[in-house]
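As a plain string of letters, each chain reads:
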Amino acid sequence: MPTFNPSSWSLAVKLSLTITVAVAVVGFMIGAVMIVQDWKRFHDVLGEKALLLSESIAITTPKAMLRNDHWSLYLSLKNMTTRRPGTKGGHEIITAMILDAEGRVQAHLHPANNPMGLPFLPENGFEQDLLRQAMNARTPIVLSSDGFSKTGFQEGVIPFFADQKYMGVIRVRLSVAQLYEKAKNIAIIILALIFCFVIIGSTLGTMVSRRMVKPLTEVTRGLEAVGRAEMTDFTPIPVNEKDEINRLSVTFNQIMAELAEKKMLEEEIAMSEKLVALGRITAGVAHEVNNPLAGLLNCIDTLRKNPDDKELIDRYLPVIDQGLHRIKEIVHNLLVGLKIEDGDQTVSVEHIDKLHDLITAEIEDRNIEIIWQNDINKNLHIPGKLEQIVCNLLKNAAEILPNDGTIIFRMYQDGPYLNIDVSDNGPGISSNIRNQLFDPFFTTKPNGSGLGLWIVYRLIQNMGGVIEVISEKDQGTTFHVAVPVTTTQAA
Amino acid sequence: MRLLYLLLLFWITPVYATDTEPPIRFGLTAVVLTENLRFLDQWSQYLGQKMGRKVAFVLRKSYREVMDLLDSGGIEFAWICGYPYVQRRKPETLQLLTVPVYRGAPRYHSYIIVHHSSPYKRFSDLKGKIFAFSDPDSNSGFLYPLALMTERGEKPETFFRQTFFTFNHAETVQAVSEQVADGGAVDSYIWEYLAVFRPDITERTRIIKKSPGFGFPPIVFRLGVNGNTVELMKNTLENMADESTGRMLLDQLKLDSFGQYSDALFNEIRSMANTVQRTDSKFSMLPTY
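Chains A and B supply the protein sequences, listed in that same order. For our numbering, count along the first sequence from 1 and bump the result up by 4. For our numbering, count along the second sequence from 1 and bump the result up by 1054.
Next up, chain A with everything else stripped away, as it sits in the complex (with noise of 0.2 Å):
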């Protein structure tokens, strides 16, 4: 369904639009001036022409008057204001009347309506008004009908004089009908080029504009496709001409070459990143499960020389049940963290609290002071998998002191996130492996398999949050955890 909305139009339609409307605005501006200057100058030429037959007339009828001879005034109004045959230009005559100094009829071309000798009687007002103008007229006049109508006329009103003594005044009046006709054509003739031009106009405009656009679209259609980081598919705009807009479309195409090779570099990177990342893991569980493994194997051996020997019974099963259970806590901890389920179960914030317990335990004798900060309602339900977050970076806390030190537990909603930092104040982290902090299988600790805060990480990852590590050398450790999470109450 097309729209008619004119902001979702595009540039090119908006542009031929706009260079149509101008054209036809300035052809019908120009049309109109010159139509009612045509009108004007017809209508003046037409006021002349009356003055010029009143003044014929007027040339024989002061004798005439004098004589009392009114065939021949009614024959000179009659001749001059008949058009012979074959003459050309004239004009419909409306009337023609020659009234003497009292108004009454001397002569008058339609004589049946307007018998002579009898004051001459105006149909309307209007025409009253007019005669009064008439009659008081002492000079040549020019009376108008008013507006473009074709029952317009302009009347020529000459007084005539015998030895300075007013006699009388004649009146022709010409029909503006031919001149209506004529004004009409040419409005007409007029009207149909301003079409033309308009729709010349708006070809060329349309043409113009499309031309001026096609690189526009051609950009804009090259941004949409990075905006869907397609980069690759993009065909260069062709460019012909050295204007802006072809130079911005040769900019443009430089631009989508580079972003398209610096896109294939990054997946080759991402490519490389993931491959290593595998090696990684891959060297990481070889490396983790093959040290028991050697152990294992090596008292399976004893025990099968000395399949009697009670004592390394006694002294190797638990090593062995160790030793698996090291490899079962690594396979298991992999999997944790390679297949995190979008689970949505929830625990009660009760359940971050005693985790206090657990990590106060951890620490047994040692002189480790736990500040716990827990600013959310305890009825409140929150995700389970913080949970874990909270009980790794507690673990990972704990574990980093010296025997002495401080562990700062804090947990508060800020809008939609809620936040918990875990803070120690240990020896920190060097600024050389704090990258790989969150890798699998890295690990300062002597015993610590290396997952517990990349398992963190796939966590929060997965939740849609952020893990912020703030550290510096001797003055402690901060991980600050925001996880976008909604809280609801417990039942």
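What you were told as hints is all true, and nothing was included just to trick you.
Beta-carbon label-pair distances, calculated as ranges:
id	chain 1	residue 1	chain 2	residue 2	range
1	A	Pro126	B	Glu1146	53 to 59 Å
2	A	Asp133	B	Lys1175	36 to 42 Å
3	B	Asp1305	A	Glu127	47 to 53 Å
4	B	Ala1249	A	Asn83	20 to 26 Å
5	A	Arg142	B	Asp1317	55 to 61 Å
6	A	Leu125	B	Ile1261	28 to 34 Å
7	A	Phe130	B	Ile1261	37 to 43 Å
8	B	Ser1316	A	Leu122	47 to 53 Å
9	A	Phe130	B	Lys1175	34 to 40 Å
Just so you know, these hints were derived from the structure itself, not from any lab. Since the structure is predicted, the reported quantities are computational estimates derived from the model, not experimental observations. Built from N, CA and C at the ideal position, the CB exists for glycine as well.
Following the hints, complete the assembly by docking chain B onto the known chain A.
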């Protein structure tokens, strides 16, 4: 050689107008349609050929101007109306030459006409209206309607609201047909002539009164004109009906012939003029020059 003489004889014998003698001047008035100049050329050529002298038609607007020319010797012949013919001149300056025969008789009428759409049926209906006279010296176009008013004890200035002269019977018909005048008096010969050639004008008029027959406007000659010339003109005109070119010209004039009639033919006009002159009303009607 004899043949050559014979040919020369024939060459000289036909009577042609020559340029050496002054032309015979023939005055025409509105009793005939003087607008048809081609016809007048043909007629003058015909008369010239027959008389052996060039004949020139002299045209004037009014009857009076033609009568003045006759009086002053400016023309030799004239076709005038019966009314100026019967008026007494002292001394008399003209004499009857011949009279046209129209539709079998040397007579014509005066028509009182009105516009075909007008309600007027009688001359008396025109009281208080506008009336067009043809010429103050015209019998049919002025004297007859004047006589009608005199019979009623009226004068034109009291009977009509407005009157004017057209000085031309054809224009009187036009004035009535275009309703410039409510009524008019015209020569029946002219009206009938127009009815043939310009029916569009006469169709818009209606005859409400036809006068008794009057002597047809005669052709007169000025006293003092050479007797031979008078005789030649009389014979030429009266013989027109006897030969083809003459008949063709008479056809165009819608006349039968020219004939010799006595002065008594104009007695009706004469008596009417006498009656009207006594009332002395006509002079106040004349246009002032």
